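Participant: With the hints as a guide, dock the two chains, each given alone in a separate frame, to form the complex.
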Amino acid sequence: MHLPKTKKLVALSGTLVAASLVAAACGSSGGGSSTGNGSGGGKVTINAVLPPNSGTITSSYNKQLNEYTQQYEKAHPDVTVNWQPNTTSSITTANAQLVSRASGGDDPDVVFEQYNPLLSGSIPNGILQNLKPYLERPNPYIKGNKKWIDSFEASTVPYMTSPNGQMQILLGSNVETAFYYSKAAFAKAHIAGPPASWAEMMTDLGKLKSAGYTPLMFADGGACNPSWYERLADTQFLNKSLSKFMVDKSVVTSGKDVASGIENNVISMSNPAYAEVWKMLDALRPYVSKSDGSYDACSAVNAVSPPLFTEAPFEQGKVAMIWGGSWFIPDLNKSGFAGKYGLFAEPTVTAATSKYSAAVSTKGVIGGPNGSGQWSITSQKADHSMTPAKTKVVMNFMEWIFAPDHIGPEVEGWGNGGSYIPTIKGAATPNIPGLASLVPAKQPPTVVDIALDDVLSTNTTNAGLRLVTELMSGGISFSGFSSQWESLLKSGAQAWASTNHVDLSSLKKK
Amino acid sequence: MPDYVEDGGSGVVAKNLATTVLVAEASSAGAIVEPDGITADDVLSATPAGGRGRRRRGMFRRQFIAMLLLPSILLIGIFSYYPALRSLVGGFYQWNGFSTPTYAGVSQFREYVKSATFAPEARNLLLLVIGSILITLVSQFIAAEVVCHLPKKVGTVAKYLLTLPIVLPPIVLIDVWAYLLNPTDGLINKVFGTVGLPQPEWLTNNHLALVAILLVGFPWVSNLGFLIFLGGVQNLPREMTEASAVDGCGWFRRVFAMDIPMLMPQFRIVVVLSGVYAVQNFITILLLTNGGPGNATMVPALDMYQQAFQNSNYGMGMAIGTLLFVAMLIFTLVVMRALRPRTA
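Residue numbers (the working numbering), protein chains in the order written: chain G, 35 to 544; chain P, 150 to 493.
Hints are computed from structural coordinates only; laboratory data are not their basis. All values derive from a computational prediction rather than experimental measurement. Among these hints, one or two may not hold up.
Example chain P residues on the side facing chain G (calculated, C-beta under 7 Å, incomplete) [to be verified]:
#: 1; residue: THR333
#: 2; residue: GLY441
#: 3; residue: PRO442
#: 4; residue: SER461
Beta carbons are placed, not taken as given, at the ideal position from N, Cα and C, and that holds for glycine.
With the rest of the complex left out, here is chain P (with noise of 0.2 Å):
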């Protein structure tokens, strides 16, 4: 029986000094709240009177909360968890997606490792992870910075802008991004012959290709990673921003000296999204160039992809999205691990 102190009247019970426990009464419909070594049914069996039928009503709570909890519980195990797990075995069969698949052990994993399209891939995806996080810490942070620091309305009604085109499709960005970077007729092209520059083949041109799809977006403020630091930015303690001018501190000092280090969570979560999704994301290179020119702008989701739903390959494209997972995992530890949090 752990130690704990019983008010019967309020039934509010108290472990120690660090721990406090609510209990309802038993005759009442509240909820219960157990920290760790305590439980409801410790606390009510401590009470005098009720005690047998206050259990079995708490057992009763706890199977209904179990029994609304379930459903959710399968719906993630059978879409989340079972494709995870069934893609991992999966790795390690050939399978057409018809015929019976057929055990064939690590060699749909060596056989990608070792593929003339391995290294491109590989290249490829570093640049644009290392790129979209560049673009996205840079451009997303300064623009939150500058509307905070706009005067009310006009910060107001520049974050209204800035944010709604979160809520276009997708789809609709790439589609317009096709007609810009048309070679022919696009808009871009047409703006710089207008002017006498040249006008690159943005999506053909095999050194141009990757920049064309880093270019998609621009100015690349629109997205999750501007709120995060929106809502970073404007929890700063205020009192330090005035401190801080009060001092003759100017505002790119004040950026980096004081603004960064104090966001550093923010980062952390913006470059492990803006990572992931760089990794996972191939819908735009496979409605602008499909991996082309060559495998200029080829990515292993995008290898993944055509495996199994173009090449009928399932197990190969399996086992790319098994390696995939690690490469992300290891990602996610190194940068958690590298921007954590230091405390004195």
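The shape of chain G in the complex, shown without the other chains (with noise of 0.2 Å):
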């Protein structure tokens, strides 16, 4: 019997529909196998991520660790190692494409990372190899080593050790931040040098708007200025209040300890101290320009477009103070603008500008172990081709990588001619003018960071980076914000505490 020429097609359909049905019912979130490479004995290939805005292996930045890296394929004929651009725009794209291509076992074997998500527990479980076994061991390329951790600085050590005593992270140099502020602008305000305190800043920045500048840029186009604001502020406001709420105490707070702050009211625009820390910003309005979201302080240099790197409009005139890193030192100098611009690290907040500071320094509080040459090794869940024999086999190579003869020359090159600071002992440390006063002397104080680094989840960071713009473009006023900003934190300890399977009642203090 043969069916009408509709009721066939009708049936063809709903075979193909039901089949999808039950496909995508049955679809799993593990991905496809790989036939890995690494077993002992045969061929190597190691997938590694670049450091951001390097281009490629072979570009000027990454010039020392290509020759290292061929130094190292000669001595091991067996592996190869295939540097890979890292095309993300900040650390949080960087791991949602972690996570992503974890879901497939996909992921590179040795992959661009900070400190932050790791310290904070945002990274899921799994993905991630403890590296602490071969820090415990002694690097063969260091003489005389007898532990690798021993050839960190000691003040590094802490940002590479997670809550659950699990390192995760190896970390190559350190970084700091600035406000970088145009000579010419200074002299035309009559603003003698840079400021003592922030409060004095404040009244630089009239100085500079009265004499036709646009003092500042605050360039919320990407997450960098925000969220070094957020963790300058916070852990300047909330320095007296961290007994209250840490539970890890690490020297950053992780998402535990964010989730116990919420939990516990000190981490709310209830509190008046925490609420300064908006408050600080929002008086910053009248001195930024509308159009600064179209900048990020960590574009790329040459980015065409937005988010724009900040140093054109600062080198062009049209404003008069910007913040970034020290990176932008070489930048600044090479593009003919040596002389013309003075340094200063982030001022301390005193009693001046409010009494709930702690007023003490925050400098190193943004930079620290935060440049370049940050990478951490995914397991073998999230990268199916790293048995235990490859990772043998990728450790060794970045035992290499981080020895102290080469890691300070790379530094050197990722850094542009040496604006960042290698975090081994006995490497080579550039001494660039100007640097060297955004040091910090001594360890910073607790690093408080809360949500817009990822600490509670992306989600949170992403949203909070968009009211944060919404504040300084004037979008809505301070309530609005403040009523806003308090359900992101409330959701955004929900959030955590669902992702890491905690009672959130359990954080709260008696």
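Facilitator: Set out below in structure tokens:
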């Protein structure tokens, strides 16, 4: 018996839809298999991601890294290192890609990472390997070394240590941040020199505005300036309250610490000390331009579409001050602006600004071991080729890269002539003018990161960045920002608790 | 056995006056056309000689055709239907792309609708859809009318000039507009500054950012809608145009009284396509403003993308995708109904 054509079509379509439904319902999150090439005795290809904004392995930034890689490959003919350009625009995007590729077991072997997401616990468990066993044994490329971890500066080690005691990151260099000012603008505004406090800086911004300048660029087209600001102000205003919410007691607040702070209403707009963080930012609004949303302090130098790099309007005299990293120094010098600018570390927020301030020096709080040359190693679950045998090969290569003789020149290359400082003892340290003034003389205070650095969740970070942009562009009032920020904190804590299977009420302090 | 008239010589079988079946001779390798209710087997089995052999060959031919079609059907199933249905199911699960999904019911749908960004996104989307449709209809219809009524050679050149930019990759266009709209170095503001006009912050002003997004592609002619209208206008009955001219009907009246009503099918398809495109396309927004400043240009499609690929919140992304699909389906049905041809 034959079905009419329409009925056949319906039957076929129905079969197709049913099959798709069954496949969809049974669809798993697991990825495909991968033929590993990491077993001992065979050829090994190490897939590694380059530092951000450094181009390809043959760029001038990576010249030394390329040279040492080739030396390693020559000494180990069975090993090939495939350095991949870093195409992500921020650590948030990089980690989103990391998690996404992990679902297919397709991550590179060596990935770019930063200490914040690791210490906060925002990266799902099982993606990155614990490197402590390797760090506890000698680095064969450092003469007389008994433990690899001993080759790192003591101040760096806490940033490599997660609250659970694991070490999932290798930190290669320190970076610092500073306010850069136009000497011509300061002269015209009759400002003698860098301010000694935040209150003095606010006065100077007023003078610059009166002199006809846009005083400051708060580049909120990207994450850098907003997250730097949050870290600086949170550290300052919550320094006296740490014991009221910190649980993990690391050098930087973890997701658990922040969730505890929110649960205990320490990190809440109802806490006047915390509210001061955002009131201080609101006070900057009259001194910034509404077009700052097109700029990001961490954009590539040659970015042609938003967000653009901040140096161009600064050099063109369109803005008197910008907030940037130590990597701005060689960039400004090379573009002919040497001698025309000055710089100063973020001034201390004193009681002249707010009675809630702890008035601690925040030098080094924003920067720290956040320069270039920061890598983590993916697990076999995230990268099916990472067998234990291959991991050994990869770690041996990393030991080579992190040897003092090598890391120094590598860091100099990434820093475009020396804007980063190696974290390895004995490594050559650059001496570019101005850099030394940004380096903290002693261990910075506990870094308090709350919403804008993936501490709670990337959703919270992205939503928070938008809110900050709305505030700075005048899109919402401070009271509107305040209530939305409070909701964001609450939902962020819920999201963190859900991801980490923690009962928020258990964090309530009595 | 259906009623039919067989002409054994030519093989033409007619069921009735309204239905004609052309049947190839059993020994030749012709195609067999089967109208509803009559199959080739019915016809072939009616022929006195070689019926069983012909049936077998017919079946083999159908199986062969089915086999050839199977890869396409499978690929459509895998790459079109499966992702759509997977997304429908996935919206009910919380999933970060790596760990095991957790059933969440309708909570993610509820969370999205109740979120602080839902209202701005819905408003922006509505403005973009209405703006895109109006811009598309007006600019592309006018361009088609003008081009069709230009002298022949000029019209041909104009057609090519207006159509060629369609082949440009969209990224190139967006990059050019990123430069044009740059607040400090952009060409538009430089020209404005030269003639003494204010220089707006196109992409960073809360009120202007959405307008800037709509500006991209100005004069908005080089698009599929132009080709659709062009084809429609070119195929309008010439005698009607000439008759209206003889009757003293001006250009304006001719367009509104004659051309537009006759081109209603084209209008319908262009409205649907531009509406769907406005809903689905977030690339321009992603590259120019990333939904900012704040949420001034945030739209559901961009939110869906960010939830999945930036926030590793795939379940939420799929939930937003499902809601978008439902919205587009309703929009399409409403438009198709509202602009359907009306017969006397």
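Participant: Now tell me, hint by hint, if it's right for this structure.
Facilitator: Checked hints:
{"no.": "1", "hint": "THR333", "verdict": "holds (6 Å)"}
{"no.": "2", "hint": "GLY441", "verdict": "holds (5 Å)"}
{"no.": "3", "hint": "PRO442", "verdict": "holds (4 Å)"}
{"no.": "4", "hint": "SER461", "verdict": "holds (4 Å)"}
Of the numbered hints given earlier, the model fails none.
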